[in-house]
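Starting from the known structure of chain H, arrange chain P on it as the hints suggest.
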Amino acid sequence: METLANSCSACSRRTLLKAGALAAIPLILPSTLHAFQLQQPMTANGGDEPFPIPWLDKNGSHNQPAGSNLEPSHIYHFSGRIARSSTFTGMGTDGKGNRIAFGSPTTDYGVMLGEYWAARSAQHGTFAHI
Amino acid sequence: MPEDGLSVSQDKNTVTLEMKDVAVVDQPKWPALDSIATPARMNFKMVWRSNGEPLKYEDADKHFRFTGTRATCQLEAEVKVPSTGFWWKSDPLETSKCDFAIVGDEVNGRYYDSSAHKGIS
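Keeping their order, the protein sequence lines are chains H and P.
If you use our numbering, the first sequence corresponds to residues 1 to 130, in order.
If you use our numbering, the second sequence corresponds to residues 1 to 121, in order.
The hints are all genuine.
One-sided and incomplete, this derived list gives chain P residues near chain H with beta-carbon spacing under 8 Å:
#: 1; residue: Leu17
#: 2; residue: Met46
#: 3; residue: Trp48
#: 4; residue: Tyr57
#: 5; residue: Phe64
#: 6; residue: Cys73
#: 7; residue: Leu75
#: 8; residue: Gly85
#: 9; residue: Lys89
#: 10; residue: Ser90
#: 11; residue: Asp91
#: 12; residue: Phe100
#: 13; residue: Ala101
#: 14; residue: Ile102
#: 15; residue: Asp105
It should be emphasised that the hints constitute simulated quantities derived from the structure, not laboratory data.
Keep in mind the model is a prediction, meaning the values are calculated, not measured.
Cβ coordinates follow ideal geometry from the N, Cα and C atoms, glycine included.
Just chain P, same shape as in the assembly:
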């Protein structure tokens, strides 16, 4: 994705993903195997905000470490399907919610292995 679609606040606690006119598919019967996919366009804005509660996930067998915080995340979006004339627009950002969100830093694969060798945690 273009980097200007993502902004991270200076304190790294707020992450905003906003994109306009993204090519997507409208697939109402997904995940049915015979689900027809129709070209569509989408605008959306998603905001993660850290709530400050620290969090660390690490699995040495799977070579990853996440260090960050829990967060809230809200979304507003608009979808148009030109070929059918269908469109849908969500209510404003503040009205949506999600039960699970996190923000932080991760290392995995070779970066996990190299940080482990240096004793970084």
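Excised from the complex, chain H in its bound form:
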């Protein structure tokens, strides 16, 4: 009984503190509600930009030259049409009439057209690597 009485005394102090804190809520609430009304709905699903391919990140460029048995896409979770090419060679002329070649073994290009997965849903896009 004594324990209970002591406990009651402590409890009532806590209850008072809680009650005091709760009593402040009506004063805070109107401004908080206003802030909630202004805030746009938010999700935590990430952006809708495509994912890079995890194992192509070694040099930070998220791609590799097109080649036999190599992953052609630059983006992960992708399904669609793709075209790749590499080792270009060609010629051109600059404004002073100089003939300048273009292309090298690492001159590679690609396009990807289709569906990819990001922000927890299917997205559609067209991407080029030039």
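Frame of chain H; chain P shown alone:
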């Protein structure tokens, strides 16, 4: 990129990528770390044409499958660097060539996994 920059023929065998006035950088000393990059503009047209030779790349460990054909690819381009007055224009499309090109369909990541579960190959 805007979707109207890319066209795929009805039989899916020809893919044409054509863009005008694309913002790029002119970086003559690339890939040197101290290579200066200057804003430039570029027009280009690139055409992939399937040659019909079938091709399939698949790596279950890397979760991808490409099914398509070998192709030819040709390019013509024009670059201008307004700040320096430099410009360069390639010879016509038909004069360029590349040693490796492919056109096809690919699934990777979750799309590869789901097609594998359905037994699609």
